[in-house]
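Based on the sequences and whatever the hints tell you, model everything.
Chains as they are written, first to last, in this note's numbering: chain R, 1 to 311; chain Z, 312 to 919; chain W, 920 to 1046.
Just so you know, these hints were derived from the structure itself, not from any lab.
None of the values given here were measured: they were computed from a predicted structure.
A virtual CB, placed ideally from N, CA and C, is assigned to each residue, including glycine.
Heads up, a few of these hints could be off.
What the hints assert, rightly or not - Across the chosen pairs, the derived CB separations fall in these ranges:
{"hint": "1", "chain 1": "R", "residue 1": "Asp27", "chain 2": "Z", "residue 2": "Ser596", "range": "54 to 60 Å"}
{"hint": "2", "chain 1": "W", "residue 1": "Asn978", "chain 2": "Z", "residue 2": "Pro628", "range": "53 to 59 Å"}
{"hint": "3", "chain 1": "Z", "residue 1": "Lys879", "chain 2": "R", "residue 2": "Glu144", "range": "34 to 40 Å"}
{"hint": "4", "chain 1": "R", "residue 1": "Asn172", "chain 2": "Z", "residue 2": "Arg712", "range": "42 to 48 Å"}
Unchecked claim - The calculated lysine to aspartate or glutamate pairs, modelled on EDC-like cross-linking and capped at a C-alpha distance of 16 Å, are:
{"hint": "5", "chain 1": "Z", "residue 1": "Lys413", "chain 2": "Z", "residue 2": "Glu402"}
{"hint": "6", "chain 1": "W", "residue 1": "Lys922", "chain 2": "Z", "residue 2": "Asp578"}
{"hint": "7", "chain 1": "Z", "residue 1": "Lys779", "chain 2": "R", "residue 2": "Asp52"}
{"hint": "8", "chain 1": "W", "residue 1": "Lys1018", "chain 2": "W", "residue 2": "Asp1035"}
Single-letter residue listing:
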Amino acid sequence: MIKKTDQKVGAVLVVGAGVGGMQASLDLAEAGYNVYLVEKGPSIGGVMAQLDKTFPTNDCAMCTLAPRMVDCGGHLNIEKLTYSEVESIEGEAGNFRIRVRKKPRFINEDKCTGCGTCTTNCPVLNIAHFEDVDELGKVQLKEEDRQIFQQILSQHDINRESIIAVLQDINNRYRYLPDDILRHVAAALNVPLSLVYSLATFYNAFSLVPRGKYVIRVCMGTACHVQGGHQILQGLERMLNVPVGGTTEDMNFSLEEVRCLGCCGLAPVITINEDLYGSVTQAKLPKILKRYREEEVSVGIASEGVSDAKD
Amino acid sequence: MMPDEVIQKEANKAYRAHLLICAGTGCVSNRAFKVRDALVEEIQKRGLSDEVQVIATGCQGFCAQGPIMIFQPDGIFYQMLTEENISHLVEEHLVKGRPVPKLMYIPSVDEPPIPKLEDIDFFNKQRLLVLRNRGLLDPEKIDEYIARDGYQALAKALTTMTPEQIIDEVKSSGLRGRGGAGFPTGQKWAIARKSPGDEKYIICNADEGDPGAFMDRSIIESDPHSVLEGMTIGAFAIGAAHGYIYIREEYPLAMKRLHIAIDQARDYGLLGEDILGTGFNFDVSVHRGAGAFVCGEETSLIGSLEGRTPEPRIRPPFPAQSGVWEKPTNINNVETWANVPVIINRGSAWYTSLGTETSKGTKVFSVVGKVNNTGLVEVPMGTTLREIVYDIGGGIPGGKRFKAVQTGGPSGGCIPESKIDLPIDFERLTEAGSIMGSGGLIVMDEETCMVDVARYFLDFLRGESCGKCTTCREGIAAMHDIVADICNGEGKIEDIELLKDLSEAVRDASLCALGGTAPNPVLSTLQYFRDEYDAHINEKKCPAGVCRALISFRIDPEKCNGCFLCNKQCPEKVIHGKPKEPQIIDQEGCIKCGVCRESCKFGAVIVE
Amino acid sequence: MPKIKPEDLNKIAERMRRQTLLREGAGRAKVTVHMGTCGISAGARKIMSTLLTLFEEQNVEDVILTTSGCAGLCSREPMMTVEIKDHTPVKYADLDEDKTRKIFHDHIIGGKIVTDYALGKGSERIS
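Right, here's the structure in full:
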């Protein structure tokens, strides 16, 4: 039998360990209550942990959330029941009886330190259903693209190790990574599409949007910086009327920064496709650009680099 | 046996002169290949093909003067060659035997040209170990490397030494990793050797990410076999059968030469199975990086090799215990590998005679920025900054005042003029608030703003942080915003303390060295150049005249003769005045792009 | 291509020695053919090619062969200077192919000065 009581002391149960649930738990725990924090997911944190910025202040979500997670995680008055769901509630204020179903997690929680080694060592790559490899491979490619893709693929071993080399070849061929082909990369190498995208967005060399015929890369190395590389970049932005990372409307030029080209002796340096120009000044830029506006320029370091350094 | 007829004939052919033209990236971009073609054509035209040989070598290090050529056996150094002056050069020097002074190196306007390579300060103050073959051989011909004692160290190691002896030799040589942290190489090898497992790997880290450093590119371009030889010795010592070379995609020429070198070494059986008939097997494969600074960090690099997202992971386990595919892996930098054959060939006792107490051998530095002779130099550890900047580097151009040297890339710091007599080794640089890093030395003069430099590095790191650790991802961005505010004249005096606080948090709470050393540029500039921060914050002035929000351009009517050049060049058309009269800049519309100052031949445009 | 053995490294190095020495500018001896306009018109080119052929035939690797401008004594061209390391340079004048051959065998290889053809010992330069 459950008896009604006036003395409402003891424990509190909070359902849901999002930012609200955590703050409530913390306030209660600080006030001296014993808190049971029940969370359906395997970790506390909730949706906010997946956000970058929050409305309306544009505060960093993680900066708001992280301290609360740490506090909740370590608070002696809060008992965390993650991967658990409330099954039934009986009784009334002051005297509840609650059944919580704790789902199996197949590890000994007392011994696990969260080192993460098991995650990296797991032989199975979990492929989400919407990334079904068979589905990805069904995306229709144009005949021309399909041939190019097959040709690139034939030059590499078919395994995860080759993924960056394959992406580089595609990127060199198209000057960007077309979305359809990325799906086929995932299917062909049998890796999740999410991994393909995470690599495609991680490296500076890759672009997900089409780039111009000539990619102008301005070296942002230290030597180039102290010799005025930044002014060259701004000069180009002005002349081409595109911001860094942009492409001109006629698809002729794309403007990019590059970390360092290793030609510091010639600073400041820019490259246009494979041609390298050293000791560039803003005044020389129009002349250099003119060359690419007017004609097809043969490219390739093996042929030569053209330079205005001696002008 | 192997002597292949053509090579034999070629090698035995006597020439009276060898013209060694530099074909490193720097010189190539200054049309070195065109100059070479013109040279070959001219020599043919004059019927000298049987007497004179033209060889394209790797980078010779003196990039600022390119394209350069060395005329042997006379040892004459020619610089800044163009297709136009080749005919004159051939006529004078090759036909008539008279060297051409106007194409020689001229130290300064009032000094005579220096004909001989060994008399030029830039070259004769250096001590070449790693770059021992630069400019002396064709990097695309393995025979030329072998002719200069190439692969002798490998033969010695494989036939006369045990792996333990090799490791001991490297240990007692005191060689420390040249990639940045300076961990003793021999010790690293010993750990990898002891780690259990019969499958082991070695990696050559050629993902030279530090902006302002290009020695790894240059070593591979000029002497790729020295790296392959070092790796093969290391593989034998550790017990690895496969090696990876992880090289930046931004270095196409280095990549090409590396592939040629690997193919040639395989042909000779110096890579592959049963190397030199000793039963030892080892091969390498080349992986191209795709432009991510964090891949220079060893655990990220391994991730990238395996096709994972290249984020650093927690250590231990160290790669020597669990690296590529969870197998024991030894990672060394290009320069470290290139040191190995020298140590095995000449012995650790000889090697330790160079350098300081704690740092042995030599170090290659790229001396760049505001210095007369920019290029690649190799000096013994313990050489002072003054020797590098003034004796080898030839001082600051335009008679400007020296301000600082930045070492160690984005993880390093700035060393001020007061410490210019500092002998460079791992410990001294750390004491001065910087690090050795991969060896970039960026010289800065009075026109370099140190606050702007700090902002530059933070911007770099902000873009290159992989985003795994919150402190690094958010902390560096926050520091950048504060320093950018200071540059824009919106800084507050409290910002300095906040910067120091943030620095501590970023340093302590980041997993890898990228975050761990990220505050260095800020801390070292704060330590030595606090006055510049104060000037930006309190007086809203940029003493060096760099930060755009705090400067204005003005034309000195005394110096301006109205040549009209700036007026024509100005993109905003805000320079007014009549031809032949002093010009005036309309401050309202000026975007401070600096074109006028750059184009003025009379120094009439002043920054205030 | 057959794989090489440790001892083959030395063979390759030996084969390439001539190039290595030339590039380092180091050698046992230095032979200078004076090739000013007057020297060339008097036949210095012939002397040069004779020497180059001799060097190849006899497999001479440690001698540097180079050219210089006019030696100032135009009437006695073609001329050459033979300088064995640590010895005084010797100038030869009025050369032809046979004389060159003899100088090559006796002096450059043998180390004995051919006094019949020698113009004089020493260099006019103060060094």
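Which hints, by number, does the structure contradict? As far as the earlier hints go, only 3 is violated by this structure.
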